[in-house]
Amino acid sequence: MSTNFEDQTTDIEQEGTDIVRAVAPAGKTARRIRRRKQCRFCSEKIDLIDYKDVRLLQPFIPERGKIMPRRISGVCAPHQRMLATAIKRARIMALIPFVAD
Amino acid sequence: MADKRVYEVLFIVDPNINDEDLARLSDSFQQTITEQGGTITKVENLGRRTLAYEINHRTEGIYVLFEIEGSGREIAELERRMRVSDAVMRFMTVRVDRERKRAEKLRERRTRKAGRRAGVRPVNVAETAEPSES
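Quick note, the sequences are listed as chains Y and R, same order. Residue numbering for the first sequence follows our numbering, beginning at 1 and increasing consecutively. Residue numbering for the second sequence follows our numbering, beginning at 1 and increasing consecutively.
Treat the hints as calculated values from the structure; they're not laboratory data. Cβ coordinates follow ideal geometry from the N, Cα and C atoms, glycine included. Any given hint could be a false lead.
What follows is a list of derived Cβ distance ranges for each label pair [unchecked claim]: (1) Y:C76 with R:S71: 15 to 23 Å; (2) Y:Q38 with R:T32: 43 to 51 Å; (3) R:R58 with Y:Q38: 39 to 47 Å; (4) R:E79 with Y:V99: 22 to 30 Å; (5) Y:G65 with R:T32: 20 to 28 Å; (6) R:K113 with Y:V99: 38 to 46 Å; (7) Y:C76 with R:E77: 37 to 45 Å; (8) Y:A77 with R:E44: 42 to 50 Å; (9) R:E77 with Y:R71: 39 to 47 Å; (10) Y:R81 with R:A23: 37 to 45 Å; (11) R:T50 with Y:C42: 31 to 39 Å; (12) Y:P78 with R:E20: 41 to 49 Å; (13) Y:P78 with R:R58: 33 to 41 Å.
In silico DSS-like cross-links for lysine-lysine, where the CA-CA straight-line distance does not exceed 27 Å [stated by the list, open to error]: (14) Y:K52 with R:K101; (15) Y:K88 with R:K113; (16) Y:K52 with R:K4; (17) Y:K88 with R:K42; (18) Y:K37 with R:K113; (19) R:K42 with Y:K52; (20) R:K105 with Y:K88; (21) R:K4 with R:K101; (22) Y:K45 with R:K113; (23) Y:K37 with Y:K52.
Cβ-to-Cβ under 10 Å is the rule here; a few derived chain R residues that face chain Y [said to hold, decoys possible]: (24) F11; (25) L46; (26) R49; (27) T50; (28) E54; (29) M92; (30) V96; (31) E99; (32) L106.
Given only the sequences and the hints, what does the whole structure look like? Please build it.
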């Protein structure tokens with residue numbers, strides 16, 4: 001299960017990891033310092049998460065169709081709440097699946 | 001109840017319906033709303049979409065979106081009509097005025113913050129007198 005999430009995180013973290021590498025050269029430290037992930041919705045200045053916007057929701061629903069937890073996506077609490085309701089609404093309207101295969 | 005509420009009604013129509021019937025259905029729903037004292041601010045046909053899962057053994061559906069302003073009475077009637085209608089496979093009403101207000105507030109707060117931050121910067125001493133808006 002966790003492996004599923006990890007490959008999802010990579011593209012979200014991208015900006016963060018770049019900065020980490022700039023501070024500490026790659027390969028020097030065995031464990032890289034985890035930089036606090038930035039909330040995607042905050043940085044993109046999205047105040048309203050529309051349930052009809054499937055493209056926006058897609059990155060937060062891994063293959064299984066579950067809602068991606070905050071600790072992995074780095075979304076802030078207010079936005080995660082909005083995101084969760086949006087995903088649930090989208091599920092009801094068959095825009096995204098309740099369970100995928 | 002006197003205050004105006006804004007609702008968004010999204011419904012899925014059977015894909016086997018012909019364009020004429022779809023238009024007639026949509027018109028009759030709109031009529032129900034106006035009869036009940038509501039106003040339609042937006043009608044949008046989002047077109048055919050494949051459903052994420054089967055509903056009534058159909059794999060696709062026609063999505064139609066209404067935006068309604070009113071007291072809430074017309075929503076009750078509209079939903080009743082939709083439940084009865086065979087062509088409507090699913091519908092959902094969302095009250096959006098509160099959410100939009102909240103989004104508006106968040107946006108305002110952000111611009112205020114951005115303005116303050118710009119003001120604090122020592123370079124913009126001249127701008128501190130009046131908070132800059134960006």
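Taking the hints in turn, this is what the structure says about them:
Against the hinted window of 15 to 23 Å, the Cβ-Cβ separation of Y:C76 and R:S71 comes to about 35 Å, which falls outside the hint. The hinted range of 43 to 51 Å is satisfied by Y:Q38 and R:T32, whose Cβ atoms lie roughly 46 Å apart. In this structure, R:R58 and Y:Q38 meet the distance hint of 39 to 47 Å, their C-beta atoms being roughly 41 Å apart. Checking the proposed 22 to 30 Å range against R:E79 and Y:V99 shows it holds: the Cβ atoms sit about 27 Å from each other.
Taking 20 to 28 Å as the suggested C-beta distance range, the pair Y:G65 and R:T32 does not conform, at roughly 35 Å. Remark: the range hint 38 to 46 Å for R:K113 to Y:V99 is upheld by a beta-carbon distance near 40 Å. Y:C76 and R:E77 have their C-beta atoms about 40 Å apart, which keeps the hinted 37 to 45 Å range intact. Y:A77 and R:E44 have their C-beta atoms about 32 Å apart, which leaves the hinted 42 to 50 Å range violated.
For the hinted restraint 39 to 47 Å between R:E77 and Y:R71, the CB-CB distance of approximately 45 Å keeps it satisfied. Y:R81 and R:A23 have their C-beta atoms about 39 Å apart, which keeps the hinted 37 to 45 Å range intact. For R:T50 paired with Y:C42, a C-beta distance near 32 Å keeps the hint of 31 to 39 Å intact. Hint check: Y:P78 to R:E20, Cβ distance near 46 Å, so the stated range 41 to 49 Å holds.
For Y:P78 and R:R58, the Cβ-Cβ distance of about 37 Å falls inside the hinted range of 33 to 41 Å, so the restraint holds. The hinted pair formed by Y:K52 and R:K101 meets the criterion: a straight-line CA distance of about 19 Å does not exceed 27 Å. Restraint check: the Cα-Cα separation between Y:K88 and R:K113 comes to about 32 Å, which exceeds 27 Å; the hinted pair is violated. Under the criterion of a C-alpha separation no larger than 27 Å, the hint pairing Y:K52 with R:K4 is consistent with the structure, at around 23 Å.
At most 27 Å may separate the alpha-carbon atoms for a hinted pair to count; Y:K88 and R:K42 meet this at roughly 24 Å. A distance of roughly 21 Å separates the Cα atoms of Y:K37 and R:K113; the hinted pair therefore holds under the 27 Å criterion. Under the criterion of a C-alpha separation no larger than 27 Å, the hint pairing R:K42 with Y:K52 is consistent with the structure, at around 15 Å. Proposed proximity of R:K105 and Y:K88 is supported: the alpha carbons are some 24 Å apart, at most 27 Å.
Between R:K4 and R:K101 the CA atoms are separated by roughly 13 Å; this keeps the pair inside 27 Å, and the hint holds. Only pairs whose Cα atoms come within 27 Å are accepted, and Y:K45 paired with R:K113 is accepted, the gap being roughly 13 Å. Restraint check for Y:K37 and Y:K52: satisfied, since their Cα atoms lie roughly 26 Å apart, inside the 27 Å limit. Here the hint on R:F11 is kept, as its CB sits about 9 Å from the closest CB of chain Y, short of 10 Å.
For R:L46, the suggested interface contact is upheld, since its CB lies about 8 Å from the closest CB of chain Y, less than 10 Å. A distance limit of 10 Å between C-beta atoms decides the matter here; for R:R49 the minimum to chain Y is near 8 Å, and the interface restraint holds. Here the hint on R:T50 is kept, as its CB sits about 9 Å from the closest CB of chain Y, short of 10 Å. Because the closest C-beta pair between R:E54 and chain Y is about 9 Å apart, less than 10 Å, the hint holds.
For R:M92, the shortest C-beta to C-beta distance to chain Y is roughly 6 Å, which falls under 10 Å, so the interface hint holds. Given hint, R:V96 at the interface with chain Y, holds; its Cβ is 9 Å from that chain's nearest Cβ, closer than 10 Å. Interface restraint check: R:E99 against chain Y, minimum CB-CB distance 6 Å, threshold 10 Å, status holds. About 4 Å separates the beta-carbon of R:L106 from the nearest beta-carbon of chain Y, less than 10 Å, and the hint is met.
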